[in-house]
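Protein chains: 2
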Amino acid sequence: MTVLILTSEEDVTADMVVAALHSLGTPVLRLNPADLPGKAVLSADYAHGDFTGHLSVNGHVLSMGGLRSVWVRRPGEPAAHAPEPSPWLTAETRQALYGMLYSATARWMNHPRDAERARLKPWQLRVAHLSGFAVPPTVFTTSPRLAREFAEEHKDVVVKSASGPPPEEPGTALPTTLIGADADFSAVAAGPALLQRYVPKRADIRLTCVGTQLFAARKTAEPGQVDGRYGDTGHPWQPVSVPGRIAVAVREYVVLASLAYAAFDFAEDEDGVWWFLECNQGGQFGFVELETGQPVSEAVARWLSQVPAHLRPAGRR
Amino acid sequence: MTVLILTSEEDVTADMVVAALHSLGTPVLRLNPADLPGKAVLSADYAHGDFTGHLSVNGHVLSMGGLRSVWVRRPGEPAAHAPEPSPWLTAETRQALYGMLYSATARWMNHPRDAERARLKPWQLRVAHLSGFAVPPTVFTTSPRLAREFAEEHKDVVVKSASGPPPEEPGTALPTTLIGADADFSAVAAGPALLQRYVPKRADIRLTCVGTQLFAARKTAEPGQVDGRYGDTGHPWQPVSVPGRIAVAVREYVVLASLAYAAFDFAEDEDGVWWFLECNQGGQFGFVELETGQPVSEAVARWLSQVPAHLRPAGRR
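First to last, the protein sequences are chains A and B.
Numbered by the working numbering, the letters in the first sequence go through residues -10 to 306 in order.
Numbered by the working numbering, the letters in the second sequence go through residues -10 to 306 in order.
Note that these hints are calculated values from the structure, not bench results.
Even glycine gets a Cβ: it sits at the ideal position worked out from N, Cα and C.
It is possible that part of the hints are untrue.
[Claimed, not checked] Label pairs and their in silico Cβ distance ranges:
hint, chain 1, residue 1, chain 2, residue 2, range
1, A, S12, B, G55, 26 to 36 angstroms
2, B, T222, A, E267, 50 to 60 angstroms
3, A, N47, B, D173, 20 to 30 angstroms
4, A, V244, B, E157, 34 to 44 angstroms
5, A, G27, B, G27, 15 to 25 angstroms
6, B, G55, A, G27, 28 to 38 angstroms
7, A, M(-10), B, E142, 28 to 38 angstroms
8, B, Q202, A, E259, 28 to 38 angstroms
[To be verified] Pairs of lysine-lysine, DSSO-like flavour, derived with a Cα cap of 30 angstroms:
hint, chain 1, residue 1, chain 2, residue 2
9, A, K28, B, K149
10, A, K149, B, K149
11, A, K144, A, K208
12, B, K208, B, K149
13, A, K149, A, K208
14, B, K208, B, K144
With the hints as extra help, turn the sequences into a complete structure.
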């Protein structure tokens, strides 16, 4: 049984997981969907009530019957490397590749349809509430009046991007920014704003969830620091234990969201409360593993290799 | 409780359903996501473990607590009508709109995540098999050798597009085409091919499923006609009753695919067997309703208006 990794060629994090899979003796096939068709060949046959399929990359063949799991890491656009790429060729190739993979019985980390939903920030906050996390009051609005009222009610408020950096300029930094109720909110009418009550924090927390395994890391914040992603505080990421009620809430969240992998960001306030900021279903873990020594890539490799209990030979259950 | 229809401005089929909703006395709000922000205003507030949200279009306000159902008909791209549209503004607006709608408790026809999966042709064939339909043997492949072998095995074979007309030229016709085993299959290496055993048919069948209601229509085919979508045969669509085993298979299919609405296309062969060709989760029904008089738009309106049994006042269950 083989693990399929969908990612682009240069991906150091994938390299770490591939090394861990090799240590476990688990066969692995790496495919960049951009290389299909071309370097990769696909065939899926639907006949006589049955389905067979295979994928071959550089002479290595993976049959859909032998597919254990799919890790959706950083896949390129299907057919992006074709000699004559086009939106239509991409659409046809996406149909063939994902249609075949969805037809197979496999574990996904994470399934694209769950990943897509999990990216929606407002939905994240709703699920975080339902899961029992402390969530700072937040509003998404295109109404300047409601934005101002929110800022007046909560005094210190931050403004963020919901979708991340602009797709047309992916390198652009959009740091979370502190604003006051006297700010000019008129631009909110032209594009939805995400406003959130500011949480004065003494540390950033990154909690990585792999199946049922949790790895939390903590980095002390500088007093008054708003966005820990930009600017080095000089403090390292250090392993930290996970409070019991956080572990319960994480479990609730990943079940509600059907996620096998999730990276949670929290702000730890002066009282030690962990405030939910976001959950990134595709969040990086390389930097945490390097600084803390937490074996996240090994956990990912084990999850991908694992045979679900009901499929194991009887003696090994 | 209000029905929200996501569609573009010119949409005759939506007009038919809106008229049926008016007859039922069901409040309805129509939104083109392209008009947000601008004509439409949105606000979603996540505070104190709770969620409130509203959407207003031309002064009509819909609160998320009063949302009964969402009909995803033909929504425009979020923010497409903005004075300064950009991929980033679209991404932010999509986050705000769909993140808020996903946070609400509503019935969807169809939920975008189910719609997205249901569009994948290879997955459709797998689900059709599992549901008990007769499915013509089909292969999706980028291997010229396997394409030729398939054509040699099945003799009369048709080639189709999996994804439909090219997105860059949406008006282009890509009719299903009959080919022989002596065709040149070398181009398959440059783009995946969908090859299917040809079903000589005496009629086309369109079966529209709305919740648990089925409407089937039949159109006699010309002998030798391959693709009924292009060229008028002179035969009208006429209502036809649904065979029992087809009704069971349709029910299986829409449950496996989580679809509230689905339009199935079948080829009826000389023996009267209905062969599954495809299931379009967003398929048109206006032409069937006009030719057959089957009340599809009323059924859609009733499904959207319906209060699920467990939410009805006790006396009305």
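Comparing the hints with the structure gives:
1. S12(A) x G55(B): 26 to 36 angstroms: 56 angstroms, violated
2. T222(B) x E267(A): 50 to 60 angstroms: 56 angstroms, holds
3. N47(A) x D173(B): 20 to 30 angstroms: Holds, at about 26 angstroms.
4. V244(A) x E157(B): 34 to 44 angstroms: 41 angstroms, holds
5. G27(A) x G27(B): 15 to 25 angstroms: For G27(B) against G27(A), whose Cβ atoms are near 43 angstroms apart, the range 15 to 25 angstroms is violated.
6. G55(B) x G27(A): 28 to 38 angstroms: 52 angstroms, violated
7. M(-10)(A) x E142(B): 28 to 38 angstroms: 29 angstroms, holds
8. Q202(B) x E259(A): 28 to 38 angstroms: 59 angstroms, violated
9. K28(A) x K149(B): At roughly 24 angstroms apart (the allowed maximum being 30 angstroms), K149(B) and K28(A) satisfy the hint.
10. K149(A) x K149(B): With Cα atoms ~46 angstroms apart, K149(A) and K149(B) exceed 30 angstroms; violated.
11. K144(A) x K208(A): 26 angstroms, holds
12. K208(B) x K149(B): 21 angstroms, holds
13. K149(A) x K208(A): Holds, at roughly 21 angstroms.
14. K208(B) x K144(B): 26 angstroms, holds
Checked against the numbered hints listed earlier, the structure breaks hints 1, 5, 6, 8 and 10; every other hint is satisfied.
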